[in-house]
Amino acid sequence: MTQLLPVIPSSEPPTRPGKVVDDFAPRLILPGEHALCPGCGEPIAIRSVVEMIDELELAARSVGVFGIGCYTAFSPKLDVEVLQALHGRAPSLATGVKRAKPDCLVFTVQGDGDMVNEGLQEVIHTAARGENVTCILLNNGVFGETGGHMTATTVLGQRTKNTLEGRDAKRHGYPILMSELLAPLDGVAFIARCAVNNAVNITRTRRWIKQALSMQMAGAGFTFIEVLTMCPTGWFIETGEAPDYLADKIAAVHAVGVVKDISAADKTAPDKTAPDKTGSDTTR
Amino acid sequence: MTQLLPVIPSSEPPTRPGKVVDDFAPRLILPGEHALCPGCGEPIAIRSVVEMIDELELAARSVGVFGIGCYTAFSPKLDVEVLQALHGRAPSLATGVKRAKPDCLVFTVQGDGDMVNEGLQEVIHTAARGENVTCILLNNGVFGETGGHMTATTVLGQRTKNTLEGRDAKRHGYPILMSELLAPLDGVAFIARCAVNNAVNITRTRRWIKQALSMQMAGAGFTFIEVLTMCPTGWFIETGEAPDYLADKIAAVHAVGVVKDISAADKTAPDKTAPDKTGSDTTR
Amino acid sequence: MAGPATSGQQSVEVRGTVVIDVEVCKGCELCIEACPPRVLTMTEVERNAEGYLYPRLHQGCIACGLCAQVCPDFVFQVWRYDTPETVSLAEVTGS
Amino acid sequence: MAGPATSGQQSVEVRGTVVIDVEVCKGCELCIEACPPRVLTMTEVERNAEGYLYPRLHQGCIACGLCAQVCPDFVFQVWRYDTPETVSLAEVTGS
Amino acid sequence: MTRQLLEGSEAIARAMVNAGCRFFAGYPMTPFTEVLEHMGKLLPDAGGVCINAESELEAVGMTWGAAATGTRAATGSVGQGLALMQESLSELCQARLPVVVLNMARGQGDYYQSTRGGGHGDYRHIVLAPSDVNEAANLVQLAFHLADTWRNPALVLGDYYLAHVFESVDTDRVDFGPVPDKDWKLTGATGGTGHARIVSTVANDRLDVPDRLNYGQLLAKMDDRIERMRTGIEPMMESFRTDDAEVVLVAYGTPARYLRQVVRNLREDGVRIGLVRPITLWPFPSDQMAAVLERAGTALVYELNAGQMVDDVRLAVAGRADVHFIGRSSFDEAGFGIAPDLDVELLTIRVRSALDAVAKEVVS
Amino acid sequence: MTRQLLEGSEAIARAMVNAGCRFFAGYPMTPFTEVLEHMGKLLPDAGGVCINAESELEAVGMTWGAAATGTRAATGSVGQGLALMQESLSELCQARLPVVVLNMARGQGDYYQSTRGGGHGDYRHIVLAPSDVNEAANLVQLAFHLADTWRNPALVLGDYYLAHVFESVDTDRVDFGPVPDKDWKLTGATGGTGHARIVSTVANDRLDVPDRLNYGQLLAKMDDRIERMRTGIEPMMESFRTDDAEVVLVAYGTPARYLRQVVRNLREDGVRIGLVRPITLWPFPSDQMAAVLERAGTALVYELNAGQMVDDVRLAVAGRADVHFIGRSSFDEAGFGIAPDLDVELLTIRVRSALDAVAKEVVS
Amino acid sequence: MDREVLLTGIGGQGVQLAAKTLAVAAVHDGLSAMLFGTYGGSMRGGRTDATVVVSDDAVGSPPTVSRAWYAIGLHHMYWDDVRSRLRPGGLAIVDADVFRGAPGEGVLGVHATTVASDAGAPRAAAMAALGALAAATGLVSLDALRTATAEVLPPYRAQHAQTNARALEAGFGVIPGVTMPAWPQRSEVSV
Amino acid sequence: MDREVLLTGIGGQGVQLAAKTLAVAAVHDGLSAMLFGTYGGSMRGGRTDATVVVSDDAVGSPPTVSRAWYAIGLHHMYWDDVRSRLRPGGLAIVDADVFRGAPGEGVLGVHATTVASDAGAPRAAAMAALGALAAATGLVSLDALRTATAEVLPPYRAQHAQTNARALEAGFGVIPGVTMPAWPQRSEVSV
Ligand SMILES: Cc1ncc(C[n+]2csc(CCOP(=O)(O)OP(=O)(O)O)c2C)c(N)n1
Ligand SMILES: Cc1ncc(C[n+]2csc(CCOP(=O)(O)OP(=O)(O)O)c2C)c(N)n1
Ligand code: SF4
Ligand code: SF4
Ligand code: SF4
Ligand code: SF4
Ligand code: SF4
Ligand code: SF4
Ligand SMILES: [Mg+2]
Ligand SMILES: [Mg+2]
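Protein chains in written order, with our numbering: chain C, 151 to 434; chain E, 151 to 434; chain F, 9 to 103; chain X, 9 to 103; chain W, 129 to 492; chain L, 129 to 492; chain Y, 718 to 908; chain D, 718 to 908.
For the record, the hints were derived by calculation from the structure and aren't laboratory data. Careful, some of the hints might be misleading.
No more than 25 Å apart at the CA atoms, straight line, and that leaves these computed lysine-lysine pairs for BS3-like [as the list claims (entries may be wrong)]:
(1) Lys410(C) / Lys360(C)
(2) Lys410(C) / Lys169(E)
(3) Lys410(C) / Lys320(E)
(4) Lys169(W) / Lys320(C)
(5) Lys410(E) / Lys320(C)
(6) Lys320(E) / Lys169(L)
Pulled from the structure, derived: some chain L residues nowhere near chain D, Cβ distances all over 10 Å [as the list claims (entries may be wrong)]:
(7) Val307
(8) Gly398
(9) Ala418
(10) His452
(11) Arg478
(12) Lys488
Label pairs and their computed distance ranges (CB to CB) [what the hints assert, rightly or not]:
(13) His323(L) / Phe304(W): 58 to 64 Å
(14) Ala419(W) / Gly821(Y): 47 to 53 Å
(15) Ile477(W) / Glu162(C): 50 to 56 Å
(16) Asp397(L) / Gly447(W): 28 to 34 Å
(17) Pro893(Y) / Asp173(C): 51 to 57 Å
(18) Ala368(C) / Pro44(X): 31 to 37 Å
(19) Ala402(C) / Leu474(W): 26 to 32 Å
(20) Thr49(X) / Met897(Y): 44 to 50 Å
(21) Thr49(X) / Glu315(C): 35 to 41 Å
(22) Glu99(F) / Ala813(D): 55 to 61 Å
C-beta: ideal position from N, C-alpha, C; glycine also.
Okay, chain C solo, but in the shape it has when bound:
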């Protein structure tokens, strides 16, 4: 039986000597509030991206192309150059940026509504072309921004605004598994599906993002990161339940793991993890 010790003050830095190991927002995120919901997974995912950019010392040569979704409202908080795309169109804009400035790190940030609904064609063509950019999918299985309707990635049985009894294949069709759909395309160098529902998964998210960005800078071709993010608002559940819901419902179908890695073949210790059907191999 554990027993909680008393609450201690936490509004001021400690007087005891020490150093800051995590400083509120990371360096490439401007301070202050943002407009996303309580418990939203998207800021965590985007944070991971900019932290990896910082680690790779690419802050001064990166351009992020944002889709339209809840993350859009977050984009002006980044201290990384941002190009705002229309809904679904980010991969083509990224292509234009990369072709014009081949030395830049170019990545997109798109939701499942943005990428898998409105802009499915763009990302597939970009991938098939082997375009040397990184597309990042924040997959929460709903159109968060417009009220939580079903998207093309919503898993069967998932509850959304217009599938309150759960998505039913007969009425609403089947989900698209984006990482697996892209994997067979020849232009694709790296694909990993991550999640931000717990610290372990966040750590892997960071690792795989770093690998994708590094491969882009090495000219490997198209790289793809799918991040499963919590959307308690669109899932109509409590914020605290969202990480488990993600693990139990979403990641059970959209399995976390490296889906493709053309660099793995050459490596002695490939940075490759077997897909993990539960997404919850965790210390939660």
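Following the hints, put chains E, F, X, W, L, Y and D with the ligands in place on chain C, whose structure we already have.
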């Protein structure tokens, strides 16, 4: 050594008793010339479709939705109801028709430019939805209608108007293998890739089309037929060379065969042929 | 076996014939390759109104219908005789 | 091992602390689950200006930074002490 | 007549279903989303189909397909989503398909898009602009009637207010009389008859000259069709206290509701002012409006945009009345089209100062 | 000055490259295809990039991305392809990106699309309409200059003739003077400075109020930008033998070339006729044109469509001259926009009968 | 006669629900009603406002109004704007538990959050405030409000109807009786 | 002075190539030229026409013309329309090998296909006809035409330049000499 016997008259029916086994255009194609090029494979493919509709006795309940490409000019020659779609949009129109008239046989006829370039998203979403329609791709690896430029299916090394030295992955990216791309989607019941470059392949084309249409009528879900067709004009070769070019270049990448068949599992003798890398197992 | 005569043969069995609507032909030659007995050949000079060379039938059709199947322009009407016709080579070649 | 006291323990090793910017917290409770020693708890009545409950720190932080990593609102600044502080249970609980 | 307190979106959805709409497809975008949601709830029970399409392009495509079978079908979005659909929306005219299109617009910046079209080539949509929920419930039904009558898309131009305001409303079916038989619809049935039907943007019917399409001919026919609609469709306009007005406000849609209040206020102060409100935006009620404005002498055109309908007002009066534009864009933070400017007091001030300016002009 | 016999498409492509265009993306559609083809041949050698995009939507997206880096970038299509791009084309104005857009139109049905836009909301493209290949080679360069100057898309409206006619042409770089520094362009360099740049349709810059976008504010700014362009861009118009004209023809683009011949023919018969040809379609040369037309008294507007520019002519003269529309759609079988009506003899007859009709009107 | 009510707060406080409850209740009372709500973004915090117009005749006002008879304020953030639109002689109620700063003169502070919490519905402060407004004005009847609480919830939130009703009643109970009658001529509309 | 030439035929007969050869040759001869070709669809048979305007000054005509000085007809299908636009005193040449029906009065029949075939270029009848036109009118020089044949071909069809030139020359040779000079004042432009 063979020796040709003399030419005999062939402008009139014979006087010797006999019966017509092939009567110029099939029943569901209106008589008269059409505007497609010499040696074009598309009329052969479309003929196969309407013949199978006739065999299945579905002529009076079929609606064909046409994309925009060379085949468009052929569509008014059909004695099957036709709905003309905009470039790339046929699968959505087909969805609308099918949902409004579930008893109809609904199929699309689209080129690779139409389906894999302009309308890639539409066909994938339709497939993922498990929409109970048959999409038919006439794949010649070029935009025939607009002068023979490269499409998203053009194989590496293929010569087109804008890849006169052959498609090069570095400059033009990689081809999309449409049948394989769709195969993993859960909504998909049947996929076969066929070719019309010789009589054997035409026979298989007809068989697989028939199977796809039958499965649609049985409510199996999304069915897909890809037909490799000759486009001597867009390939900038002689009409007589086109069938071999198809076999040697195109079918070497887009392999002929049944790619997915959910009904095969239940069958004792599945109507399934191993993919054929050359597409030229033939009596040519 | 029907088809063009092989040296030594005395007669061929002709199982049918084709009616060729030469005016809609576009001269692509797909039928030539498709014909198993190879009894179709293209004209060399004569052209139809659109300016295309077109196929002619030689004696020896087996009514297989392959020419019709591969022809993109629906040029062929294929007839199968109720009973095959045996054509003596001496007769037709005049040799 | 640091963290909340298990019955029988005499002292805990406190490796660091966090500064909590409660005004930007949105009360989602993700940090609560993420904290290995479980030294974060939510307020029950007090709310910030936006009306959200927010976390408080109990004695026993191990400066692991997981709260900061999972927090969608960048509420935490995590400090690692140069040398851990050993806190006697008797002292802090007053028992 | 049954009146219920309904949100505009729901009222519009109910009215559509009551008008016989049996197919709807759309993609979420505020403030159109709720109409889609209500259609999704209502249609299955009415024996119809509503699809949450994967994108706007797919939504309009599905609607196209359903309409081609003779089913009353509709789609919609906001102007931005309709911008994506422009190719389809112009070609639906060419295909002569009666679909109804809702634009639950953000602000009034889509007047040009609605009435001039952003598609290519010559075509026109029939455009109806309600200014309250009851009128919306009526006009959306009229839209189906006109679409069927003219075999042409009809657009209903709403806005955030119409989508979201709750009002007591009657959504019962309105009988606008018979529509022509859909002897062009596709059901498969004419296959094999030698005259299988075709619904096409490039071919008129089966080929007359058997071996060639004449797409050009089809395109050129559009001139006539536009002219027939322009003269055949009865334009609709509301006149409010214009009889003795010396200055007439011109506005459509929700802003007109506010301006009606402004007119009331100013009338109380003895200002001889009135309001005309075009209800059909295409065909524009040019003759009726010109008659009113010419008599009054001065028109103040108010739109929530940089000045679009004002073109049609000017074209209508051709210099025979003074036309002043007094509108501007006005948006909430989210850009949904809730306009801080739409405030009766602010508008009264705005109109007053316009009146002063006009008066000065006359004097100087 | 070097003149070569070049196909219009090639001349336009060369002129673009000479103007510094280093990015081009497009999707084939007759008669735009050849421009794309020539850009594909020219750009790699000029150190630029040309992409045969997989669709029009992707083409405009790529161009958007390239333009955001400060690269002179262009795309195009025909009106139908541009219809697909309408969402992007309107939002590019909102993002204030200087792209050049070619419409190698089929006929002249896209006047509204070009000048009013079919996108959503308030925005305007700068629109230039050449009538021969030399002018096209010049205006396409001016388009880049104006786009950069105003941070706004500029559209060049051509047609089948301009794409396909071969003429002796000079495509050398034209110096239109300096353009503002692109201090907004994205290259990554400002990342990590605390003021990383943003090029956005919804956010003006980094957030002023840090936690909320104010999209509505941005939208409302467009009114001003439109007004500044309208008054700041010098409108261009050609007048041909209008000095003593009693009737003035109005036409733009290729048809104007034919009408110039018609004017010559009729002048030989003593008819006091002239021609005005707007070269900037937006801003429309309203004042210049009104001056000419009011003096003459009668305008005959010829367009290859059901009547679109005629609106702008009427708006310009506001009733102070008689404006008659004498155009109509005219297409070849394939619908590419080769017009049987474009025949000097036929047009002469058409103008003559219009003159007769006008004369009768005056008498009766 | 049009009786305008403005409601304001931040996302998540239940402003829209309270407004809708009021409008539906009005219809139950045989009045006509119009309701228009606005909120920034669909899902996230930020300003949320609603205008309800109740009338014993047809509603004449457009969806938003410059002047209002009544106002309910659940958060101080955008309150000033709302308060400035109150008609002379009108009534404003604010949640005194949440408000920071002065709500302004003549504004009635109600401890709506406490009242609601005490009634077992800690998130239903808006309902408590609405109850108080109804009690003070007789704008709509408590019965009608009670019926409305159940009707305005989507099926998947039906479980909240009970708690909302309790908060309403508790808020109603805070006010001693109709002090500023909304409908002088309709005084029979009472609890 | 504008000298218009109309060329007509069906797809595949080389009409566009002949037209371009003529225009390029004109520029080589120091004349100015404009060329406009039309064909139904991009790739397939059907009518194909070209207008070439050659001028010793700047070209004044628009891309298509109502009246022409010269015409070349390679197929009878759309010939009547072209012929009717010939100016009085103009010259028309048709391929007598292909034509069915009467080409019309005053039209010069040249066995272009035979001439071209005999020159080893059976598909270059259009070139032969163009050679004949040049010979009869001196519109452009044979040298300029020869140079042009190589320039107008895309690289992947360069192998046809030789055969086209042979057909041109053969056609030129059919005509005894300039019978209807195009440029009275520029008679120095000759073979
Ligand atoms: C063309 C277009 N259609 C629709 C919308 C409305 N819209 C804005 S965000 C959004 C959904 C975003 O979903 P997703 O990308 O999954 O992001 P999330 O909000 O879930 O983070 C939609 C449909 C739009 N902005 N543009
Ligand atoms: C929106 C749009 N963009 C471009 C075109 C021009 N276009 C017509 S057909 C075609 C290509 C057709 O290619 P494909 O579908 O492969 O058919 P094919 O001609 O090869 O049979 C194109 C690009 C169009 N009609 N519409
Ligand atoms: S709606 Fe979902 S995705 Fe959007 S901010 Fe809220 S939790 Fe995040
Ligand atoms: S261009 Fe190709 S696809 Fe088109 S008709 Fe000709 S051969 Fe067929
Ligand atoms: S296949 Fe048909 S079109 Fe081709 S040559 Fe033979 S008959 Fe003629
Ligand atoms: S039917 Fe045709 S292919 Fe068969 S043998 Fe006769 S001619 Fe040859
Ligand atoms: S994770 Fe952050 S926002 Fe959520 S409760 Fe903890 S501190 Fe607050
Ligand atoms: S750093 Fe955060 S998560 Fe880690 S122990 Fe301290 S409070 Fe808990
Ligand atoms: Mg999402
Ligand atoms: Mg193709």
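Right, here's what the structure says about each hint:
no.	hint	result
1	Lys410(C) / Lys360(C)	15 Å, holds
2	Lys410(C) / Lys169(E)	59 Å, violated
3	Lys410(C) / Lys320(E)	20 Å, holds
4	Lys169(W) / Lys320(C)	16 Å, holds
5	Lys410(E) / Lys320(C)	20 Å, holds
6	Lys320(E) / Lys169(L)	16 Å, holds
7	Val307	32 Å, holds
8	Gly398	21 Å, holds
9	Ala418	27 Å, holds
10	His452	23 Å, holds
11	Arg478	13 Å, holds
12	Lys488	27 Å, holds
13	His323(L) / Phe304(W): 58 to 64 Å	60 Å, holds
14	Ala419(W) / Gly821(Y): 47 to 53 Å	51 Å, holds
15	Ile477(W) / Glu162(C): 50 to 56 Å	51 Å, holds
16	Asp397(L) / Gly447(W): 28 to 34 Å	33 Å, holds
17	Pro893(Y) / Asp173(C): 51 to 57 Å	54 Å, holds
18	Ala368(C) / Pro44(X): 31 to 37 Å	36 Å, holds
19	Ala402(C) / Leu474(W): 26 to 32 Å	55 Å, violated
20	Thr49(X) / Met897(Y): 44 to 50 Å	45 Å, holds
21	Thr49(X) / Glu315(C): 35 to 41 Å	36 Å, holds
22	Glu99(F) / Ala813(D): 55 to 61 Å	41 Å, violated
Violated hints, listed in ascending order, are 2, 19, 22; each of the other numbered hints is respected by the structure.
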